[in-house]
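Visitor: Here is how the chains run, residue by residue.
There are 2 protein chains.
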Amino acid sequence: MADPNPVDNSEQPNGLSKSELKKRAKAAEKEKKAAERAVKQAELAQQQAAAEDFAKGFYGALPLNQSQSRPRRERSQISTLSSRDGETVLIRARLQTSRAQGNKLVFLNLRQRTHSVQAVLAVKAEKISKQMVKWASSLADESIVLVEGVIQQSPIPIQGASVSDVELHVQQLHLVAGIDGRLPFSLDDASRPDVEIEQSETQLNRVLLDTRLNNRVVDLRTQTNQAVFKLQAAIGDLFRDYLSINGFIEIHSPKLQGAATESGASVFKVSYFKGTAYLAQSPQLAKQMAIAADFERVYEIGPVFRAEDSNTHRHLTEFIGLDLEMTIEEHYHEVMELLDGLFLSIFRGLKEKYQHEIETVGRQFPADEFKWREGPEGTLRLTHREAVQMLVDDGVEIGPTEDMNTENERRLGRLIKAKYDTDYFIIDKFPMEIRPFYTMPDPEDPTVSNSYDFFMRGEEILSGAQRIHEPKLLAEKMRSKGVDPESMKGYIDAFRMGCAPHGGGGIGLERVVMLFLKLNNIRRASLFPRDPKRLEP
Amino acid sequence: MADPNPVDNSEQPNGLSKSELKKRAKAAEKEKKAAERAVKQAELAQQQAAAEDFAKGFYGALPLNQSQSRPRRERSQISTLSSRDGETVLIRARLQTSRAQGNKLVFLNLRQRTHSVQAVLAVKAEKISKQMVKWASSLADESIVLVEGVIQQSPIPIQGASVSDVELHVQQLHLVAGIDGRLPFSLDDASRPDVEIEQSETQLNRVLLDTRLNNRVVDLRTQTNQAVFKLQAAIGDLFRDYLSINGFIEIHSPKLQGAATESGASVFKVSYFKGTAYLAQSPQLAKQMAIAADFERVYEIGPVFRAEDSNTHRHLTEFIGLDLEMTIEEHYHEVMELLDGLFLSIFRGLKEKYQHEIETVGRQFPADEFKWREGPEGTLRLTHREAVQMLVDDGVEIGPTEDMNTENERRLGRLIKAKYDTDYFIIDKFPMEIRPFYTMPDPEDPTVSNSYDFFMRGEEILSGAQRIHEPKLLAEKMRSKGVDPESMKGYIDAFRMGCAPHGGGGIGLERVVMLFLKLNNIRRASLFPRDPKRLEP
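Protein chains in written order, with our numbering: chain A, 1 to 537; chain B, 1 to 537.
No lab work stands behind these hints, which were simulated from the structure alone. It cannot be assumed that every hint is accurate.
Derived DEER-like restraints, expressed as beta-carbon distance ranges [unchecked claim]:
#1 A:433 with B:348: 49 to 55 angstroms
#2 B:180 with A:386: 35 to 41 angstroms
#3 B:373 with A:247: 34 to 40 angstroms
#4 B:476 with A:75: 57 to 63 angstroms
#5 A:182 with B:399: 42 to 48 angstroms
#6 A:536 with B:313: 35 to 41 angstroms
#7 A:247 with B:181: 29 to 35 angstroms
Straight-line alpha carbon distances no greater than 30 angstroms define the calculated DSS-like cross-link-like pairs of lysine-lysine that follow [as the list claims (entries may be wrong)]:
#8 A:489 with B:269
#9 B:274 with A:481
#10 B:130 with B:40
#11 B:134 with A:472
All C-beta atoms in this analysis are idealised placements derived from N, C-alpha and C, irrespective of residue type, glycine included.
Sequences and hints are given; from them, build the entire structure.
Guide: See below:
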């Protein structure tokens, strides 16, 4: 073993030339730089490894199809986070926006349907690296993330989140699904009320209805739209519940018809093998046939097709009909009153159980609360004659048996709102000549019919009547309206085999949603609306 | 005043000739006969007046539209009459048949939906005349009548009525609606089980399915059909109730599509103004887009259109799809298990709450009770590989990735019934190559997919899977199945904007009804069925 002390020798540059000394200094400098580089590389490798470790356990993309293991870890709903200070929760949510502060802190706005919460990811020694924060900041808006975090009380109410008393301190963050391309518009822009855009001094983006509908999947994610379609579903549920309690059963009638029924004009033609079929304009005939078949009280919820080339705010070529038909024991007002009870039950149900959704929609579409009459006086009912008289008294030129156009209906709605303080009313006893051939005439005055319309905010939302169940009278009325009874033989035959007196009505689901919430355009109340110009998406 | 005793004189024919006497006798005879005729006429007039009086108050046709007064007299349901001896009730019902005994008594079989009762009308001094009984006997079968009567305990159980312990003693009888023409078949004939016709020694009428469907309004009145459609509605209710409890909301997606989706082959074309639309073959794309739009858990009940020219016992061109789609947290079995829970909830609900209807159908369509496994072992689940192996072991020549045809499915159903005593089971992990392009591959073995079918009595009633939510993989799978991704741009775009992992399934409502009740033909489970040859009624 040699004695290891040659260092002293080398440190004494005895008898070396100046150029030799410079050479040695340069080499030393080079070595120092290489060593520094090596250190840096090692540091980077270490950081990389740390980041990869973290990715394995703490963040990064989840496996595509997830279905590899099933630890059954409970997921929480954002709507339930309030007042749960200190709890650790696991949440899958949309990242609506992220906002980095420096390189150590990022705020994430997380959204689930009509609820949102603020999450915070901050650098923390040995737990959360700068890389993690940087990665989180780089996630695209509308990515879907899985977040584990601790709920913490916020000292001040949090703006811009529906849960305002707590925030989520992120411990783990995974990407569940990313975005491929650019969002057509931001959810913030899509959620803004028009009035805010109009009153703002800065240039705020307005997302036009057509742009929304072209990108409906993104548009539907706004809290407003989540609430609109929860309310649409609620109306269907309330409709069914009321009718089920009242002894109705649900039927499903065919949409493919062998003949163009009701009126020949506005029906879609279908190529049916070697022949032709037509899309049902309503379940009118089928539900009456169900009555002739003894079902007593039936309802149907299903699509209705109208080939009318009109692009108004209130027409769709395909919409959902809420239809019902029932036998009459003594008087057609049994039907009208059941329908009134149905509407009241829907209005009350929405008000009692869906206040959160109504308020959510109201933030983007401000509207006076929908009003109806409660108590012993009940729903306002006018005869058609009285309604026309109100218009005449207000200066409108309209004949006693004339149909009201949309403008006059709205005017009547305003007159009634001013006089009776209600957004909901019934008009009874329409003139026979402006109703379909299957409408039953009044027993005392055959120029008047046993028929009624229901109105919300000055627009018709239900049309109904007692129907003619006697085949000879039905054929006679058909002929008087220019319909050949032979063309609807199956329908008339149903009544030849004996049918109880009956009546009913049909409601447009999207119209009820639009008018209750004052959305101003029926397309907003349809998931993927169809009009003469729109068949996509 | 003359003394009025000339009678004695006339009784003494003093001094009159024999011929004169004969003349007088003849005249007397004539007078006597005239008097007798007058008496008879007076009697007849009296009877007629009595009958008319009775008609005004007690029987005769009700006014056509009824809506003249509203005494609000309570009507009773036949189903509630048992054990109500002594009560007077008012009932509107069909007169299924009447049977006169002599001219003083008539038995009426009254029917409401799935219930019937025997009514008796008998001559009773000063209350019920022979004419009344005659009139009642003359009413056509299937007339609708309004009956007031007293419930009376029957000493012996009444055959041929669902209420067998009491009968109704008629006091008043009105005709609500008559029959115009001849019934296509009697309800008795239409309600008879095939086995009864085959075993009978006398010639009993068999009503063929086509005759029934041509006269569906009359056919639907049988107690069997009333029960079938009550059960159909019940399945819809149970479906919704279970999903609603599990956080689903109902959506309505458009049936009019801008492009022929899924596969181009079997879709109906619609003339849409100046262009073309297509009828949706399923809500598959729309419900997936609803998931991409954050609805999390959605279901839809609506018509589904298939332009397949097949006239089998289990295909319709239009049927009702019960569809659902939900996000996945960890594993696609979450969906499969939810669907299993849904079916169990439907089976249990039917068994618990609709026994009367199941038994009613069973009288015309005898079937082994539908069996499923309860308890900790749960529903039988096999992989596709295991199912194929069972068939191979039974001697069937079938490859491991081959699709099972209807015959093999039924055979598998029989093998499983024999081995596991269940009519309901799940097959999981279908080969990738026999599933649609949107099916998610298995994470470990890409030749297998995360997909499943559910079976009832050896027929597939649900097909479902985890779907591909990643747009690049989706486009790749489309191309590999020969579908141009550009042709479904709106659909793929939905996933580009970020979509959670998800899965679902679709159920054919009419198939569930048919298989649960063993109706043997799907047309019996559809109110007004549509197939390549039938668009009416």
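Visitor: Hints first: check each against the structure and report whether it holds.
Guide: Right, here's what the structure says about each hint:
1. A:433 with B:348: 49 to 55 angstroms: holds (54 angstroms)
2. B:180 with A:386: 35 to 41 angstroms: holds (38 angstroms)
3. B:373 with A:247: 34 to 40 angstroms: For residue 373 (chain B) and residue 247 (chain A) the Cβ distance comes to about 35 angstroms; the hint holds.
4. B:476 with A:75: 57 to 63 angstroms: At roughly 30 angstroms between Cβ atoms, residue 75 (chain A) and residue 476 (chain B) fall outside 57 to 63 angstroms, so the hint is violated.
5. A:182 with B:399: 42 to 48 angstroms: Roughly 46 angstroms apart at Cβ, these two residues keep to the hinted range, so it holds.
6. A:536 with B:313: 35 to 41 angstroms: Because 37 angstroms falls inside the window, the suggested range holds.
7. A:247 with B:181: 29 to 35 angstroms: holds (30 angstroms)
8. A:489 with B:269: holds (27 angstroms)
9. B:274 with A:481: It holds: about 29 angstroms lies between the C-alpha atoms, which stays within 30 angstroms.
10. B:130 with B:40: holds (17 angstroms)
11. B:134 with A:472: Satisfied, since the Cα-Cα distance of roughly 26 angstroms is no more than 30 angstroms.
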